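Using our numbering, the letters of the sequence shown correspond one by one to residues 694 to 1699.
If you're looking for bench data, these hints aren't it; they were derived computationally from the structure.
If you're wondering where the values come from, they're calculated on a predicted model, not measured in any experiment.
Beta carbons: idealized from backbone N, C-alpha and C, even for Gly.
Accuracy of the hints is not assured; some may be wrong.
Said to hold, decoys possible - Calculated lysine-lysine pairs in the BS3-like style (CA-CA distance at most 25 Å, straight line):
no., residue 1, residue 2
1, Lys-1316, Lys-1327
2, Lys-893, Lys-935
3, Lys-957, Lys-997
4, Lys-1304, Lys-1293
5, Lys-913, Lys-957
6, Lys-893, Lys-828
7, Lys-893, Lys-906
Stated by the list, open to error - Cβ-Cβ distance ranges computed for the label pairs, FRET-style:
no., residue 1, residue 2, range
8, Glu-844, Ser-745, 36 to 44 Å
9, Glu-1424, Arg-1221, 34 to 42 Å
10, Arg-1221, Asp-1035, 52 to 60 Å
11, Tyr-1618, Glu-722, 31 to 39 Å
12, Phe-1004, Ser-1169, 43 to 51 Å
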Amino acid sequence: MEGLKKRVVELVHGSFTCEVPRLIASVSEFQLAIPEGNKYRGSFSIGAEDGSKIKGLVTSDSHRILTANDKFAGNTCNIIFGVDTEGLRAGDAVEGCILISSNLSELQIPVRAVIQEEQVTSSEGGIQTLEDFTKLCMRNLREGFRLFTSERFVKILNGKNRAFLALYKGMSHNPVTYQHMEEFLVSAGKKEAVTLSLDKQQKAVYRLDVSQKDTLYIYKNTWGYVRMEIEVSGDFLQVEKKVVTSDDFIGRIYGLEYVVDREKLGEGKKFGRIRVRNVYQVLDFEVEASAEEGMHALSNTVRKRKIMWLFRDYLGLQLKRMDYRTWYERSSQLVQELKEEDRNDLMVLLYEVFLAYTNDENARALELLWPVKEGKIKLNGNLEKAVYLSLAKAVNLLPVERREITPFLRRYYQQEPDSYLLLELLLREELSYENMPSKVLYELERCHETGCASPFLYLRAWQLLEEQESLLRKLSPFMLQVLNFALKYGILTEGLLLRAAFLSGHQKEFSNTVYRLLSQGYEKFPHREILEAICKLLMKGNPVKKEYFRWYSLAVEHEIRITRLYEYYIETLEGSSSQELPQPVRMYFVYNNTLGERKKAFLYASVIRHKEQDRTSYLNYGKAMTKFAMDSLKKGRMNEDYAVLYQEFLSRPESYEAGQLLAGILFTCKLTCENRNIRSVVVCHNALKKEQVYPCIDGVAYISLYSEDACILFEDEKRRRFATTVAYTLEKLMEEKESARCCMELGVADTGLELYCCRERAWQMEVNSRTLECYRKAADNQDFTDSYRCQVRKRLLDYYVQHREEKFLSEYLVQMDLREYARVDKVSMAVILIERGMYEEAFSLAAEFGYEGIPVQLLLKLASRMILKKDFEEDEELLCLTGYVYQAGKYDEIMLSYLRDHYMGTVSELCRLWGKVRGFQLDTYPLNERILLLSMFVRAFPDRGDEILECYVLQQGRESVIVAFLTYCLPVISCRSRKYRKGSLLIWRRSMTVSGRWIRSASWRC
């Protein structure tokens, strides 16, 4: 205003210049594109064409275009302005002008700003859809991963891709890996999973003189990320890399180099394996290597196998599974084959002698042994010497004085006490063992204790036990081996098995060997005594292993009386409680229920499921079941059995506390997956800020699902996450509809319940009198995401608008966070507040979020009421609101009076306002003076200026202003065009007439 006053003083003193330099600006207009959620700050410069000093005022005709200062002065002035986008969405636009009122002239700079969605860009261009992102990953996986882990990625998940938002939330949880991005793309259906294959599965390498290097080629079927771990079995194998990733592939092929180390091969044949493992597959490459020639290495293996067949056939002969003639022919054939391969093998020669002796071919036996007797073939070990002595004595090759071979055999056996063959030769020669089976059995057990595990040892001992069962006095490790040997070969007798069952009762602790003997023996001899012994034996160890249920079930079926049998029956019972329990079990636990919580729930669930078949048991258990259900609910217990109890007794809670507890488990589902590498199940809801993680034990997890749009992910021990690549089944445990209704009526506050009632998708949301409270809780629940709470608030506002006349709304409005609701839908919020007379709240929100979209008639009402509340005092925000409504063509006396007193714009705008104020027959004095002063300052000539001056003079306006304005107008008669000269002269003459006096200070200048 100082500039205006100074201008008046200059004009009063006759200082007037017709020609002034032109006012110029650095820009003529602003066309802006502003990303949604951002604000804009800009600037431009103005100045006189000749560089002279200027000064003036700067304003805006839009409440969203704000200037840093309202005044300027200088040779070149920098005008800083901003665009306020609060409350605007993509697609909205801001239009207005920056008004410059200078001492040279007026200038308008149009500003138009369009709000746009923030664009996600990459080296490949804009990324707007998942398809674009997939193409980026295909060309540049690293850049794709950078985008995947940035906050910008969420902007891609709009429209039809919004369905993958929960999947992304789960896969972007730290630590984020390339594997997570790969799984995201596969689960979203944008690519197929990477599958690996090998160019070959095995390789054999023989006759290696030096280490050999080779390459195993690994192929992948498609583009995408893959990480392989290379595992090597066999110390003679070495690989180039232990970890291989997509970066190592050339196209779709990777060559894995490996080395077969000659120095580590040693003798014979070695087997190794290279295992290629990734998150989806395990591929094996087998390597067979030998430093020797292939056939030679093979022959050693075959030779050992043939020797093993010799012993096997002889055992079959002793067990009477093979007749003598078959045994003799097969053994003779094998011996001949072995001799052809190695004629220097003395044990093969001795076995041939044994064959000849058993077939009564003594001459043949003597012939074969003669080179040994003559010393042409030397005996090396004790075993060879002992066998030779026994065979030579048998065929009468030894002289009489050397036929006593017992001392030799005893010495040999003492040197090698773990050799059954030496012991057997000694027992045949030692006369003291004849008719002494217990002594023989003792020697056999001693041999076993030294480490001998020959099946012929067990067979010899079994033959003694079979002849005299009383020799079985205790279940020593040796006796158990003998009995299991007999069981294995099908020669175990019923009597010895029953005796073993009896002796098992003397066991102080559980023995797996005894259990295996009795359990397998029971299959052949299903005696009650054996079954009872098995159950008692199991109870001495860990009696609740699942595989023991069979025995407890059989014992219950046979009505065997054993302490805690029924408890162990229930503890080991697997499967669903849908199976009916035996009547004795049901009766027993009515009075003796010492089961653990989980099994007690199983028992009660079975009783409930079969209450129609056994009403008596249901009634007997009723009180205990009800109490147990409530206690379990307080502890938060949940599985399929607890669910049956809750559904039966607690599905309609009658108190807030009970409803609160029930809501916590109401939406539980049982998830089962076969992948045993999974350690956790992760559930992501779009509506929830945080994911829920549940432990997965033995392939089972109990998870809570509140909507059908929940995303289920799986996490392994390395924290890698999977989605659709893991198969699973899902079972709902409770019928939640009626229970949820009861919880809502009780006013239960639970995040899961609120999400279930409010639904997750916007189009599914339905607010009514029954669900209103649930929606109100959800709107304020910090567990939900901001976007979901905005959806809820939008539905609430729609409901409030439809019911804005009802009384309940007054209480709600006091409690609401009005600012957050306005952020969602400022129009509905403003409509409600204005119509309910909450003008100050409505004005505050409109000032912050803008007036766009709010009915002008309501804004008129708001502006008028606020002007009266502020008693017509100048307020910048109120002036913006009033100006906005006025520009929309709506006004009343109150608004016009307020604008008359405080509005500042261009001369033409002020003149139009003057006309409206005059039309309402309101006092125009302050507006008259403001127009006259501004006209003189900016060197403009107001429309209807003569009428404005006339009105000002009639209202006894200030003489200095009138004189200044006349002084300003008269020189223009000679400086301006005819049109302006006529108007200026008319202004001057009418002012003189109206004033009734000559204004000398002006007349002499004319």
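Margin query: Just to be sure I understand the hint, the distance between the Cβ atoms of Tyr-1618 and Glu-722 should be within 31 to 39 Å; is that true here?
Written below: 37 Å, holds
Check: Do the Cβ positions of Arg-1221 and Asp-1035 conform to the proposed distance bound of 52 to 60 Å?
Finding: 57 Å, holds
Notebook entry, point to check: Holds or violated: are the alpha carbons of Lys-1304 and Lys-1293 at most 25 Å from each other?
Noted result: 16 Å, holds
Margin query: Please verify whether Lys-913 and Lys-957 have alpha carbons no more than 25 Å apart.
Written below: 33 Å, violated
Notebook entry, point to check: Range hint 36 to 44 Å: satisfied by the CB atoms of Glu-844 and Ser-745?
Noted result: About 51 Å separates the Cβ atoms of Glu-844 and Ser-745, which means 36 to 44 Å is violated.
Item checked: Assessment of proposed distance window 43 to 51 Å (beta carbons of Phe-1004, Ser-1169) -> 26 Å, violated
Margin query: Checking one constraint from the list: CA of Lys-1316 to CA of Lys-1327, max 25 Å. Satisfied?
Written below: 17 Å, holds
Margin query: Given the hinted pair Lys-893 and Lys-935, is their Cα-Cα distance within 25 Å?
Written below: The given pair, whose Cα atoms are some 19 Å apart, holds under the 25 Å limit.
Checklist line | Restraint status (C-alpha distance of Lys-893 to Lys-906 at most 25 Å) | finding: 16 Å, holds
Check: Given the hinted pair Lys-893 and Lys-828, is their alpha-carbon gap at most 25 Å?
Finding: Since the Cα atoms of Lys-893 and Lys-828 sit roughly 33 Å apart, the hinted pair is violated (cutoff 25 Å).
Next item on the list: Take a quick look at whether Lys-957 and Lys-997 sit within 25 Å of each other, Cα to Cα.
Entry: 23 Å, holds
Item checked: Whether the CB-CB distance between Glu-1424 and Arg-1221 falls inside 34 to 42 Å -> 40 Å, holds
The structure shown violates the earlier hints numbered 5, 6, 8, 12.
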